[in-house]
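Asks: Sequence:
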Amino acid sequence: MILDYSRIYVLSSFSLKSGNMKTVGVIGLGSVGWAVIHGISRFYHCVGYDIVGDYDWDAVLAADIIFICVSTPISANGELDCGNVSEVLNRLDSVKYNGCVVIKSTVSIGFMEKMKKKFPGLRLIYMPEFLREKSSFTWFAEPDRIVLSGERDDINEVLSFFSWVKGAKTLIMNYRSAELGKLAHNAFIATKVSFTNEIEKICQQFEVNPIDVMSIIWADRRVMSTDHLTPGLGPYEGKCVPKDTHELICVADNPILLEAVEAVNKNVPPYPSKFPESKIIVIIPTNNRPEKLKRALKSVESQTRLPDKVIIVSEESDSSIKVIHDFLSDLGKKLNIDHITNIKTKNLSGAVNTALDYFSLLNIDLDNTYIAFLDDDDWWDRQYLQNNIKYALETNSDWTISGLIRHDESYPQGETQPIPDVIFAETFFITNPNIQGSNLFLRLSELVAIGGFDENLPSTTDRDVCIRLLDRGTKYAILRNHLVHHDAFLRVDRLSYPGSERKKQGICNFYSKYSARMNPEQKEKFTERAKKLFAIEVLTDV
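Residues 145 to 686 (the numbering used here) make up the sequence shown, in order.
The hints are simulated quantities; they were obtained by calculation from the structure and are not laboratory data. Worth double-checking, as some hints may not be accurate.
Here are the computed distance ranges between Cβ atoms for each label pair [unchecked claim]:
1. Ile346 / Gly595: 33 to 43 Å
2. Glu342 / Phe568: 44 to 54 Å
3. Asp225 / Glu553: 26 to 36 Å
4. Glu421 / Glu231: 28 to 38 Å
5. Ala407 / Ser369: 17 to 27 Å
6. Glu342 / Glu257: 36 to 46 Å
7. Asn480 / Glu257: 44 to 54 Å
8. Ser359 / Lys262: 16 to 26 Å
9. Glu277 / Ser238: 26 to 36 Å
10. Asp615 / Glu257: 54 to 64 Å
11. Asp452 / Trp201: 32 to 42 Å
12. Glu286 / Ser463: 48 to 58 Å
With a cut-off of at most 27 Å between alpha-carbon atoms, the simulated DSS-like pairs for lysine-lysine come out as follows [what the hints assert, rightly or not]:
13. Lys436 / Lys383
14. Lys383 / Lys278
15. Lys260 / Lys166
16. Lys488 / Lys466
17. Lys258 / Lys423
18. Lys648 / Lys619
19. Lys336 / Lys423
20. Lys648 / Lys675
21. Lys240 / Lys166
22. Lys278 / Lys488
23. Lys278 / Lys240
24. Lys442 / Lys423
By construction, the Cβ of each residue, glycine as well, lies at the ideal position given by its N, Cα and C atoms.
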């Protein structure tokens, strides 16, 4: 049965412990904001805030430095609307925030001087970002330049947060130069694209191969790059280049060249992509927890990148199936959902493998499809799918791992869990480095290649899957964004409930499967963890 559902936003919240480490606050959790968190959280604690969602504003105010990454869209008159930045500055000024305030949003020329006069108590730094939208995570982590404007002492303090950057040029200038430089940079990209499209049009006129013509330009020692100079890619598009180019056209006196650039762009038809768009399928195994499932599904509906399909797998004995059907009908028409019954082993592994068998009926491109698993009692930040698919494509990875936010009796509002820098199969012999079903984002062909989930394991499936993926050599990438909310409140229906028979069987079967690969120390740590966390005694040969 296939149903469609409307979008409903879910509130998500998290907090970060600062300890003795400095804390970085990020306001505006879009492409730039999450890229900032991904890059800087390797060295500092980060806390994010966005107007969409239940984020902790007070936690941002407690940060040592704040980065503003809110949008500045085109206004009705064609110029940049910097109202979102002004509103944030007004809120910070009202509480007398005394840390450096770094504006990374693109702003109009003269905006920073106006804000400095309006909010003299704020330590304002303009630090424009030069990210390519499809590579924002990796480009922020490895910048080619750092541009700053503001008071010199404040600039030095901001730079201290970027001591990890190697090889990038540091360019210090006044506010207006930085503002205009950001706009000019994107206008230059637009100029190169329109130039290429104009040459391609002339090549068509004379029946000449445009690649041959442009290769002569690429070979020039002053060019030496095909970026934005490759025929067949269509007009310049995206969130930044069109609006920044148009902003310069609006504010400049007689911008003949830029007007021509924009005119050329408007006459270039969009080109079809040479590569098929990657697909995302969400799998949600569930068993008699309709209210938890409803919360999970609402978080899927709230995604900024909706999945192409959602598979809900219920147990045949699930008494809540009618309730599930009722609320699925009420949710709307945004999601493409198939609700199927587990026909394999009656556990999570069987449910997942049932979904994998079901895919064979759907003519799915295994290499171009990613699977996102969601436990029915967990939920996602609205950027989860967008950030993971983007990072997977950026890094050409088969498997991306993002951070967990654990909600339990001690931290009901959520506590972020450490994100590993690297993972090894041996790590999973003794512990779980915070990788589980709900933050497992994986290319479908890789899951099929390892034979799906092990149905002999009613629990500990996440560790087993990770070991087998690592044994296979699956390429993974660590996304340093906390995007997955894990419900760890103590409930009898949870697998990890102390003394749970399903947990006991899963741990013992896992040990039987991998003990031959464990050394004595690993075996000891495995059994200690099982006893401490789950009250399970594991018989070993140690």
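Asks: For every hint, state whether the structure bears it out.
Replies: Here's how the hints hold up against the structure:
Remark: the range hint 33 to 43 Å for isoleucine 346 to glycine 595 is contradicted by a beta-carbon distance near 55 Å. Taking 44 to 54 Å as the suggested C-beta distance range, the pair glutamate 342 and phenylalanine 568 conforms, at roughly 53 Å. Aspartate 225 and glutamate 553 have their C-beta atoms about 45 Å apart, which leaves the hinted 26 to 36 Å range violated. Taking 28 to 38 Å as the suggested C-beta distance range, the pair glutamate 421 and glutamate 231 conforms, at roughly 35 Å.
Take alanine 407 and serine 369: their Cβ atoms lie about 25 Å apart, and the range 17 to 27 Å holds. Against the hinted window of 36 to 46 Å, the Cβ-Cβ separation of glutamate 342 and glutamate 257 comes to about 37 Å, which satisfies the hint. The beta-carbon spacing between asparagine 480 and glutamate 257, approximately 50 Å, falls within the hinted interval of 44 to 54 Å. Our hint of 16 to 26 Å for serine 359 and lysine 262 is violated, since their Cβ atoms are close to 52 Å apart.
Separation of glutamate 277 from serine 238 is about 33 Å and conforms to the stated range, judged on CB atoms against 26 to 36 Å. Between aspartate 615 and glutamate 257 the CB atoms are about 59 Å apart, so this pair conforms to the stated range of 54 to 64 Å. Under the hint 32 to 42 Å, the C-beta atoms of aspartate 452 and tryptophan 201, about 35 Å apart, fit the expected range. Look at glutamate 286 against serine 463: about 53 Å separates their beta carbons, and that is inside 48 to 58 Å.
As the CA atoms of lysine 436 and lysine 383 are separated by approximately 36 Å, the hinted pair breaks the 27 Å bound. At most 27 Å may separate the alpha-carbon atoms for a hinted pair to count; lysine 383 and lysine 278 meet this at roughly 11 Å. Between the alpha carbons of lysine 260 and lysine 166 the distance comes to roughly 26 Å, so the proposed pair stays at or under 27 Å and holds. Between the alpha carbons of lysine 488 and lysine 466 the distance comes to roughly 21 Å, so the proposed pair stays at or under 27 Å and holds.
For the proposed pair lysine 258 and lysine 423, the alpha carbon gap of about 45 Å is over 27 Å, so the pair is violated. Between lysine 648 and lysine 619, the direct Cα distance comes to roughly 31 Å. Violation of the 27 Å bound is thereby established for this hinted pair. Of the supplied pair hints, the one linking lysine 336 and lysine 423 is violated, its CA atoms being roughly 31 Å apart against a limit of 27 Å. Our distance criterion of 27 Å between C-alpha atoms is met by lysine 648 and lysine 675, whose separation comes to about 10 Å.
For the hint pairing lysine 240 with lysine 166, the CA-to-CA distance comes to about 19 Å; that is within 27 Å, so the pair holds. The suggested pairing of lysine 278 with lysine 488 is violated, with an alpha-carbon distance near 40 Å, which exceeds 27 Å. Restraint check for lysine 278 and lysine 240: not satisfied, since their Cα atoms lie roughly 36 Å apart, outside the 27 Å limit. Restraint check: the Cα-Cα separation between lysine 442 and lysine 423 comes to about 20 Å, which is no more than 27 Å; the hinted pair holds.
In summary, the numbered hints that this structure violates are 1, 3, 8, 13, 17, 18, 19, 22, 23.
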